[in-house]
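**Student:** Could you build the full structure based on these sequences and the hints that come with them?
Respectively, the protein sequence lines represent chains A and B.
So the first sequence is numbered by the numbering used here: it starts at 5 and just counts up by one.
So the second sequence is numbered by the numbering used here: it starts at 5 and just counts up by one.
Hints are computed from structural coordinates only; laboratory data are not their basis.
Keep in mind that the hints are not guaranteed to be accurate.
To be verified - If you want a taste of the chain B side facing chain A, the calculated C-beta under 8 Å gives, among others:
| hint | residue |
| --- | --- |
| 1 | 217 |
| 2 | 224 |
| 3 | 228 |
| 4 | 312 |
Just so you know, these numbers come straight off a predicted model, no measurement behind them.
Where a beta carbon is used, it is the ideal one built from N, C-alpha and C, also for glycine.
Protein chains: 2
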Amino acid sequence: MSRRYAIVGCGAVGGYYGACLQRAGAEVHYLLHRDYDHVRAHGLRIDSKFGNFVLPRVHAAQRPDQVPPCDVVLVGLKTTANHVLPEILPRLLAPGGVVLLLQNGLGEEDALARIPGVGTIVSGLCFLCANKVGPGHVLHLDYGAIMLGEYRADGRPAGVTPAMQAIAADFKPTGIPIELLEDLLGARWKKLVWNIPFNGLSVLLNTDTRRLMDDPGLRPVIRGLMEEVVAASAATGHAVPAGFIDKMVAQTEAMAAYLPSMKLDYDAGRLLELSSMYEAPLRQASAAGATMPLTEALWRELGFMENSKGR
Amino acid sequence: MSRRYAIVGCGAVGGYYGACLQRAGAEVHYLLHRDYDHVRAHGLRIDSKFGNFVLPRVHAAQRPDQVPPCDVVLVGLKTTANHVLPEILPRLLAPGGVVLLLQNGLGEEDALARIPGVGTIVSGLCFLCANKVGPGHVLHLDYGAIMLGEYRADGRPAGVTPAMQAIAADFKPTGIPIELLEDLLGARWKKLVWNIPFNGLSVLLNTDTRRLMDDPGLRPVIRGLMEEVVAASAATGHAVPAGFIDKMVAQTEAMAAYLPSMKLDYDAGRLLELSSMYEAPLRQASAAGATMPLTEALWRELGFMENSKGR
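**Tutor:** What follows is the structure, encoded as structure tokens:
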């Protein structure tokens, strides 16, 4: 009756949503790498604002062939690890199975769609403040809503599709708010309005969202970056509603001090998601005739930081 | 016969030029603060690309009233210390004496000119790679030329004046190249073409000029900042010759790894010269209708770094 999920990437995103689905009754299989032994022995632990819980026993797998064919493969990897997906996805997907891509940035679906055996891609934006704090251990700080849209190769709005509705139905018992998007790309651009300033500046200035917001002198930089993203989104055909920047600023002011994912990646020595979060938007903006000089400078400065690390 | 100099600020600039003047026969008095005891006992030591030398005995003073009236008061302080000058300059200057201001940035002369007793201000740009490495001890890495111009309150070119020629004559026996500028402000803007990118980026990215130049991805940021300065200079009435940016880039490529003064200040916990190097140029550009978005973002990011230091 319930559909079968595979979770690829058991960090904050995959761990949290996978555990919530399993707790709500779904059959969930976790494809694990470094954390396999720990998760197989101890399961998953979620420390959440909405209530802590432990799943002592989970379906843990080390290789795709240990997982039965799945209706939905939830990809919660960093985009920097997407090169492993051509090997993995065809082995996990049941015929007619759907890829649920929960990643930041732009442009990753185009590469996924070229993988043989990958058909429908439902792509999600997570409004989740959560960090993986240990193997199989996620600290969920706040929020958690997912916006879902279906990918179309031509970039046009796909509307609300049966695949999206089926996933929304699967999530319903979890209580996690799911919003169905007619225009996936437009939503991805809107998310970049937050991600481009806060991910980059937190790395560049070695700080958190609270301290970024507390310096009034920095506010025009944050807004300047946001305005570039809004203009680029409009130029690519996805107008952002008036007042959206004010809303993002107000939401961030109301948030507790938060380290964006790129800052955590940088501090942990992981690759930065520069390609999906900066390079693809810059490329798409440029193709649409929009310039993003502050965003481009920030991207190049982050590239310098990544390249010069450990030198 | 030889004229009498006072040196205010015995760092890399004041120490190097003062020692060169003294070695060439001028009467030089050093007004010292923290380094007084050391310099009084041991004199000055210059380790220079052009030959090391030591001046075992110098005229060292702790207070202005220990210095006889001087024909030229050379100010080699950081601009961030200029608030001490109203107290000091009137006591050091002989009647008709000249202030020789060797500082970076824009706008400092306007404040000096308001100090009672300050008449003629000759303002210099130093093309000097040197660092103070200890009390009375300067490491001179390369270059050293000074461009001199006379300040006019209305910002217009003063031409080549007698005060400039007299200082050039004083420096002649030192072998230090002196260039006399008809347009002081134009030269200050030209110097900012280098200072604005390299001072700021070396602090922001915690690095030196060599590594900034070695990352091809960063080159458009460096050039973008330089182009903003060139455009602002032109807007304020000081056109920069074509090819000047290429020349600056080529010169920096040819330089050994160098830590710009602002990076040394940051690492040593000193105040940053943000006001003269960024804020005044931004203000003057804005008044002339020129925008400098990359420069402004860099300035604001540096302000954040300075404000959040030690937190």
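**Student:** Hints first: check each against the structure and report whether it holds.
**Tutor:** We went through each hint and held it up to the structure:
1. 217: violated, 11 Å
2. 224: Holds. Min distance 7 Å.
3. 228: With a minimum Cβ separation of about 7 Å from chain A (threshold 8 Å), the hint on residue 228 of chain B holds.
4. 312: holds, 6 Å
In the structure shown, a violation is registered for the earlier hint numbered 1 alone.
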